[in-house]
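Student: Just need the whole structure built from these sequences, with the hints factored in.
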Amino acid sequence: MMQQWLLVGLGGAAGSMLRFAGQKLLPAQSFPYGTFAVNITGCLLIGIFWALFQKGVINTEGRLLLMTGLCGGFTTFSAFTLESIQLLQSGRTIPFILYLTTSLVLGLLATFCGYKLFH
1 MMQQWLLVGL
11 GGAAGSMLRF
21 AGQKLLPAQS
31 FPYGTFAVNI
41 TGCLLIGIFW
51 ALFQKGVINT
61 EGRLLLMTGL
71 CGGFTTFSAF
81 TLESIQLLQS
91 GRTIPFILYL
101 TTSLVLGLLA
111 TFCGYKLFH
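When we follow my numbering, the leftmost residue of the sequence shown carries the number 1, and every step to the right adds one.
There could be a bad hint or two in this list.
Below, a list of computed lysine to any residue pairs in the SDA-like style, where the Cα atoms sit at most 20 Å apart [to be verified]:
| hint | residue 1 | residue 2 |
| --- | --- | --- |
| 1 | Lys55 | Met67 |
| 2 | Lys55 | Thr111 |
| 3 | Lys116 | Ile40 |
| 4 | Lys24 | Ala14 |
| 5 | Lys116 | Leu100 |
| 6 | Lys55 | Ala110 |
| 7 | Lys116 | Leu104 |
| 8 | Lys24 | Ser84 |
| 9 | Lys116 | Leu52 |
| 10 | Lys24 | Phe77 |
| 11 | Lys55 | Lys116 |
| 12 | Lys55 | Tyr115 |
| 13 | Lys116 | Thr41 |
| 14 | Lys24 | Ala37 |
| 15 | Lys24 | Leu82 |
Label pairs and their in silico Cβ distance ranges [as the list claims (entries may be wrong)]:
| hint | residue 1 | residue 2 | range |
| --- | --- | --- | --- |
| 16 | Ile85 | Leu108 | 18 to 28 Å |
| 17 | Gly56 | Phe112 | 36 to 46 Å |
| 18 | Gln4 | Gln89 | 39 to 49 Å |
| 19 | Gly62 | Gln89 | 37 to 47 Å |
| 20 | Ala14 | Leu106 | 18 to 28 Å |
| 21 | Phe20 | Ile97 | 20 to 30 Å |
| 22 | Ser16 | Thr60 | 20 to 30 Å |
Derived by calculation from the structure, the hints in this document are not laboratory data. None of the values given here were measured: they were computed from a predicted structure. Don't be surprised by glycine CBs; every beta carbon is placed ideally from N, CA and C.
Tutor: Now the structure itself:
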């Protein structure tokens, strides 16, 4: 049981550091590019890991490390929602709508593609 907690924690720490790096590489200006890129990449990764888990390539421990930990620490849905509200509150309606719709559509598409590519 303790090993599972450690796997999730290690994956989460790595994911959080990768998210931080992504946001430093693509800083927000008029559009939250870093969060957008991290969310789409995280969706692709979780689709890949999900397919590999279903095929038996990744075991339960790998799922905890990669899906629950890494992807959980890496993806930034809470930051996404906050930045969406901030765009709306600052009167940037077009970027708000663009960010919201493209994140949802591309996130779903990336998850599906990741799953299909590795299933």
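Student: Now tell me if each hint is right for this structure.
Tutor: Evaluation of the provided hints:
no., hint, result
1, Lys55 x Met67, "15 Å, holds"
2, Lys55 x Thr111, "16 Å, holds"
3, Lys116 x Ile40, "16 Å, holds"
4, Lys24 x Ala14, "15 Å, holds"
5, Lys116 x Leu100, "24 Å, violated"
6, Lys55 x Ala110, "19 Å, holds"
7, Lys116 x Leu104, "18 Å, holds"
8, Lys24 x Ser84, "19 Å, holds"
9, Lys116 x Leu52, "10 Å, holds"
10, Lys24 x Phe77, "17 Å, holds"
11, Lys55 x Lys116, "12 Å, holds"
12, Lys55 x Tyr115, "11 Å, holds"
13, Lys116 x Thr41, "15 Å, holds"
14, Lys24 x Ala37, "12 Å, holds"
15, Lys24 x Leu82, "18 Å, holds"
16, Ile85 x Leu108: 18 to 28 Å, "21 Å, holds"
17, Gly56 x Phe112: 36 to 46 Å, "21 Å, violated"
18, Gln4 x Gln89: 39 to 49 Å, "40 Å, holds"
19, Gly62 x Gln89: 37 to 47 Å, "41 Å, holds"
20, Ala14 x Leu106: 18 to 28 Å, "24 Å, holds"
21, Phe20 x Ile97: 20 to 30 Å, "27 Å, holds"
22, Ser16 x Thr60: 20 to 30 Å, "22 Å, holds"
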